[in-house]
Structures are given as C-alpha cells and as structure tokens.
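Chemist: Quick mapping for you: the protein sequence lines, in order, are chains S and P. Residue 262 in the numbering used here is what sits at position 262 of the first sequence, and the numbering runs on without skipping anything. Residue 382 in the numbering used here is what sits at position 38 of the second sequence, and the numbering runs on without skipping anything.
By construction, these hints were calculated from the structure, which means they are not laboratory data. Any given hint could be a false lead.
Derived SDA-like pairs: lysine to any residue, alpha-carbon spacing no greater than 25 Å straight-line [claimed, not checked]:
id	chain 1	residue 1	chain 2	residue 2
1	S	33	P	459
2	P	561	S	243
3	P	403	S	141
4	S	40	P	465
5	S	40	P	426
6	P	561	S	242
7	P	414	P	573
8	S	185	S	73
9	S	143	P	481
10	S	309	S	231
11	S	208	S	269
12	P	489	S	138
13	P	403	S	166
14	P	489	S	129
15	P	561	S	247
16	S	40	P	463
17	P	403	S	164
18	P	489	S	246
19	S	40	P	427
20	S	40	P	476
21	S	33	P	464
22	S	33	P	463
23	P	489	P	439
24	P	403	S	129
25	P	489	S	142
26	P	489	S	130
27	P	561	S	246
28	S	40	P	481
29	S	40	P	423
30	P	561	S	248
31	S	40	P	469
32	S	143	P	471
33	S	33	P	461
34	S	40	S	110
35	S	40	P	471
36	P	489	S	141
37	S	40	P	408
38	S	40	P	468
39	S	92	P	500
40	S	143	P	480
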Amino acid sequence: MKLKIYILAIGVVLISAFQTSLGLIEIPTYFPKPVYDFSKNPLSSQKIQLGRALFYDPILSRNQTISCASCHSQFNAFAHSDHALSHGIDDKVGTRNAPALMNLAWKNNFMWDGAIHHLDVQALAPISNPLEMDENINQVIFKLQTSKIYPALFYSAFGDTAITGERMLKAMSQFMLTLVSSQSKYDSVMRHEATFNAQELKGYTVFKNNCAVCHTEPLFTNETFKNNGLTVDTTLNDYGRVMVTHNPTDSFKFKVPTLRNIAFTYPYMHDGRYQSLSQVITHYTSLNTTQKNLAKELQKPLVLTSNQKVDLMAFLLTLTDKHFMFNQNYFYPKEIFSGTTKDK
Amino acid sequence: MSLPIKLFCICLLLISQWATAQRPLNIGLNLKYGVHDLTLNTPLEPGTDSNNLTISALKFYISNVKLLHKNQVVFTALNGFFLTDASLGNKQNIPLSIPSTCEFDAIQFDLGIDSLTNVAGVLGGNLDPTLGMYWTWQSGYINFKLEGTATVCPTRNNAFNFHLGGYQTPYNAIQTIKLTATSSQFISIQFDVEKFLHQIDLSLTNQVMSPSLVAVKLATMAAQAFTSTLP
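Next comes chain S alone, as it looks inside the complex:
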C-alpha cells in the first residue's frame, strides 16, 4: 500500500514537473516559451469549440465546399497528403503544398514564405485566395450571421451574438493553438518514460550531427528561412521568401518545416516534389554544395552510409505522435453540426 502511494506521488510529481498547462493546452516544460501573446486572446473552451466548428465548416468558401480541413486533415497531422500541390475550390490546383499544422504558438510567421506574420490573420489568406476558398471575408461574416448555429456559438463564446471578423479569426486561432504535438516516442524519451532502441539511437546521433542545426529540437525547426538546394521548378517559378521581402539574398529560401509527424505529412518540400523520406535524404546527400546561395549549413557535403540512412529514418519515425493524430478534441465536431447537414 505504502509503495503504491509512493509510486502515485512520484507519478504526480513527474507529470507536474514535465507539463505546464495554460489551462486548455498542455505544454511540456522542455519546450521554449510560446511566442503567441495569449493575453490578447485568452483561451476559453467555448471559443475553442467555435474555432473548431469554423475550421471544419466549408461555409468559409464561396460555394460551401472547402473548409480548412479540406487541406489540413488530422490523420495527416493537419497536412494535405497525397498531393504535391494542394487543391481547393472547383478542384483548382494551388501553387504550394499545404504545411502541417502543429505547435503554432511557437511560430513568428506562417506559410512557406512567411507572408503571414500573426496566427490571427492567417485564415484571411486561404479564404480570399481564388484557388483555395475564393470567398470574401465580409461574405463569410454575413453567412455566419444568418446561419442557424453560429449566433448561438458566438454568444456562448463572447457573451453576445455580434459576429465580427476579429472574433471569428480569434476563435479560429484558439482552436489552432490547441494543436500541440508533444507525445511522440521522442517526447517519451525526453521525459525519461521510454528509451530509443539501438537503431533509433544511432539515427538520433546522425540527426543531431547533420540535421538538428536547422531542424532544432524540440520543435524540429528553428523557424528560419533557408535555401536547401532545391532546383527551381520552372512550371511554378516559386522563389519563396524573396517574394515577400524583395531582398535578393532571400531568393529560393523557404521556411524550415517541422519534422514532427513527418512520416504522415508526405509529400515533402514546398511543392511536394518528394514522395518519400528516402528521397528527401537522398536529396541532402547528393546536393551540389557549390550552388549559389545554398544555406551555409549545407555547404559541407553530407555523406551517409546506407545503414546510417536507415537509422536516420528509424529516428524520424519516433517523431510520430499518435495521440495527436487521434485526439478526439481535434475531430470534426459532429455534435455541433448534427442536424445541420443532410446526413443524420
């Protein structure tokens, strides 16, 4: 009996030592401090539920067919798998691959070129993009105001039924902020609750020696823009960050994406040109390291034996977080939408 209490006490201490909570999202203590200013948009469960409804609702699009979830599906860690370039309304093909959504509170800017500088205004971009949702934000507000369910949801979240762009966007941010991935095998190892097997451990060493300089733990990105040596696709002519800053040194620089859940967010790179992780690793081991403007971190040729490549992939698989991908709190909220769709 005494032993059980002792173990329970240690368990409680361990859990509280390794998790701090903003009440509604769990943040591991080994994560850096979030950069999102929660004081301007304090989390509440009603606002999160409203944001969740909006995330899954195709009302945001011109013809009510495309929602955020159309390109950001939970079982792909909120990325868009199987498509090199994501497609939107009327099957129009876009210009880039939709990135995975997780750990957004730690990001200073969004999109592959960082064009969006605050999570609260990100949704405006896909809503107004003619290839994605092709809608006007004012029209969205009008549709929400005249819908059967949203006045009540806004009332529950904000205390009155006023539906404004600001409220809608802040509620969506709140749901997106809850998408925290921190329970992969890697995280269990960091919390001393599990250990890597021999192969994963070797892969972790390869990773730390060659990849971590940009894909920095524990977020697996250092949130910078890098030219990683991709040759330009002349059918797209996407120059990346330079299109936002107009600074020539930013030519062909794209955001370093997170590697968390990487096994589920294929295809890879801003234009989805690589279908498999093995192709990505081969890209890095066969780089022309003398090419112009290549990130300095990649200028030393990378040599890996085939065993090391396999070990590295084994490590990358430890970044898969099934808790994240099957978290019921992120599911399509059928309890909110039931009765409003044609299905029962």
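Chain S is already provided as a structure; the job is to place chain P on it using the hints.
Modeler: Okay, now just chain P, sitting in the frame of chain S:
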C-alpha cells in the same frame, strides 16, 4: 440634504471640473477634387477632361493624432485610428475632446497604421480586417486606397488601383503630416485628390498593390495633398 453633504457635493463638483475640464474639438475632413467636393463614380472634369477620370473608392487611415504648440506636443488623442471612407460622404468628422486650457498652433497625424499595430494580430473596430483595408495574402494594413478609371490607363476597364501600404523598412509607407491649426473648436483639413493624381502618369503607373518603393513614393505624394484651411 444637510449642509455638510451639500458642501461635500459642491467640492466634488469643483474638483471634478478642475481635474477634467474638457472642450470639444472637431476635425473636419473635406475630400476634394481641386475646388470641387469629391463625388464618386462621376466624371470629375466634365467638359475639360478627355481622360474621363472617375474615382470609385477613396479610403485612408488617420492615426496618432497630436496637437502641437511651438513644436511641442500638447495633446495626444488616445485610441485614435480613424478610417475615412469617401463612400460615406465627402465631409467627415473626427470628434475629439481636449483639455479646455489646451493651446495649439499645429495638428500632426499619421496617414496609415504604425508598424507595431501592424504586427499586433487581428484587431477590431476601425482596424477590423474585414473593412477592406487589410491585405490577406501578406499580413499588413492598407494605409491609403484610391481606385478609379481614366481613359489613359491601358488596363482592363481603364482601372487604376492604388493600395498603399507596407510597414517594414525599406517599404514603410506610413507618412507623418503636420498642418497649421489655430486654437478653436474646429480644424478644417482638405485632402485634394487632384493634387495627388496630377503628379502621376496614369498611363505608366496605375496598379500599385503591394509594399514597394513606388508605394512609399506615392504615399509621400498623398501626404502632400493634405492641407489645412484657417477659419
């Protein structure tokens, strides 16, 4: 009421008056085209202008309003982001409440939104991004928007669109404007669209819709089209 309470109330009244004595000051914005009031969607120089110039939209932000006396700031308007929209009329007002004792000889304001507010996330009221003054594809406010048509524009429907914005160096388009103003109950400010447009060759410059050096140059020209008239 007993005497002590009456005296107490009188004291309170006097103190409150002394502490917060205010007077109203109205800033009247007059949107003009040359000597005429600006009217939207009508030819602006009928008879004389073969360019068939019309304006379909004029919107701009005024912020950071201050009153100066001998170049010192004597009053700053708090929470002041004002959106002027010509579709609501060519005479608009910014009502302020200033200390009764305030004396000023100039008014200063920014044409646009400062960089800190630009990165503060989504805001409400006049700064709501659904008011058509926010870029969706690259976060940031549009400081000044002028749209219209002119036969000389080689564009679809002869349209010109000037959406001037940008808050990051070197494309920081915000402009600070200082105009003479005398101490009284109202300040009368003009924005003259003709003064702005006549410096532009619309056959060459007709679509400016992202942060750039051209946008900054045009913003400087827009700032110069503001004048104050003394009563």
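Chemist: Take the hints in turn and mark each one as holding or not.
Modeler: Verification of the hints:
{"no.": "1", "hint": "S:33 - P:459", "in the structure": "holds (24 Å)"}
{"no.": "2", "hint": "P:561 - S:243", "in the structure": "holds (20 Å)"}
{"no.": "3", "hint": "P:403 - S:141", "in the structure": "holds (21 Å)"}
{"no.": "4", "hint": "S:40 - P:465", "in the structure": "holds (9 Å)"}
{"no.": "5", "hint": "S:40 - P:426", "in the structure": "holds (22 Å)"}
{"no.": "6", "hint": "P:561 - S:242", "in the structure": "holds (21 Å)"}
{"no.": "7", "hint": "P:414 - P:573", "in the structure": "holds (19 Å)"}
{"no.": "8", "hint": "S:185 - S:73", "in the structure": "holds (22 Å)"}
{"no.": "9", "hint": "S:143 - P:481", "in the structure": "holds (22 Å)"}
{"no.": "10", "hint": "S:309 - S:231", "in the structure": "holds (22 Å)"}
{"no.": "11", "hint": "S:208 - S:269", "in the structure": "holds (21 Å)"}
{"no.": "12", "hint": "P:489 - S:138", "in the structure": "holds (18 Å)"}
{"no.": "13", "hint": "P:403 - S:166", "in the structure": "holds (20 Å)"}
{"no.": "14", "hint": "P:489 - S:129", "in the structure": "holds (20 Å)"}
{"no.": "15", "hint": "P:561 - S:247", "in the structure": "holds (19 Å)"}
{"no.": "16", "hint": "S:40 - P:463", "in the structure": "holds (13 Å)"}
{"no.": "17", "hint": "P:403 - S:164", "in the structure": "holds (20 Å)"}
{"no.": "18", "hint": "P:489 - S:246", "in the structure": "holds (22 Å)"}
{"no.": "19", "hint": "S:40 - P:427", "in the structure": "holds (23 Å)"}
{"no.": "20", "hint": "S:40 - P:476", "in the structure": "holds (23 Å)"}
{"no.": "21", "hint": "S:33 - P:464", "in the structure": "holds (18 Å)"}
{"no.": "22", "hint": "S:33 - P:463", "in the structure": "holds (19 Å)"}
{"no.": "23", "hint": "P:489 - P:439", "in the structure": "holds (23 Å)"}
{"no.": "24", "hint": "P:403 - S:129", "in the structure": "holds (23 Å)"}
{"no.": "25", "hint": "P:489 - S:142", "in the structure": "holds (24 Å)"}
{"no.": "26", "hint": "P:489 - S:130", "in the structure": "holds (22 Å)"}
{"no.": "27", "hint": "P:561 - S:246", "in the structure": "holds (17 Å)"}
{"no.": "28", "hint": "S:40 - P:481", "in the structure": "holds (23 Å)"}
{"no.": "29", "hint": "S:40 - P:423", "in the structure": "holds (16 Å)"}
{"no.": "30", "hint": "P:561 - S:248", "in the structure": "holds (21 Å)"}
{"no.": "31", "hint": "S:40 - P:469", "in the structure": "holds (15 Å)"}
{"no.": "32", "hint": "S:143 - P:471", "in the structure": "holds (21 Å)"}
{"no.": "33", "hint": "S:33 - P:461", "in the structure": "holds (23 Å)"}
{"no.": "34", "hint": "S:40 - S:110", "in the structure": "holds (19 Å)"}
{"no.": "35", "hint": "S:40 - P:471", "in the structure": "holds (15 Å)"}
{"no.": "36", "hint": "P:489 - S:141", "in the structure": "holds (22 Å)"}
{"no.": "37", "hint": "S:40 - P:408", "in the structure": "holds (21 Å)"}
{"no.": "38", "hint": "S:40 - P:468", "in the structure": "holds (12 Å)"}
{"no.": "39", "hint": "S:92 - P:500", "in the structure": "holds (24 Å)"}
{"no.": "40", "hint": "S:143 - P:480", "in the structure": "holds (19 Å)"}
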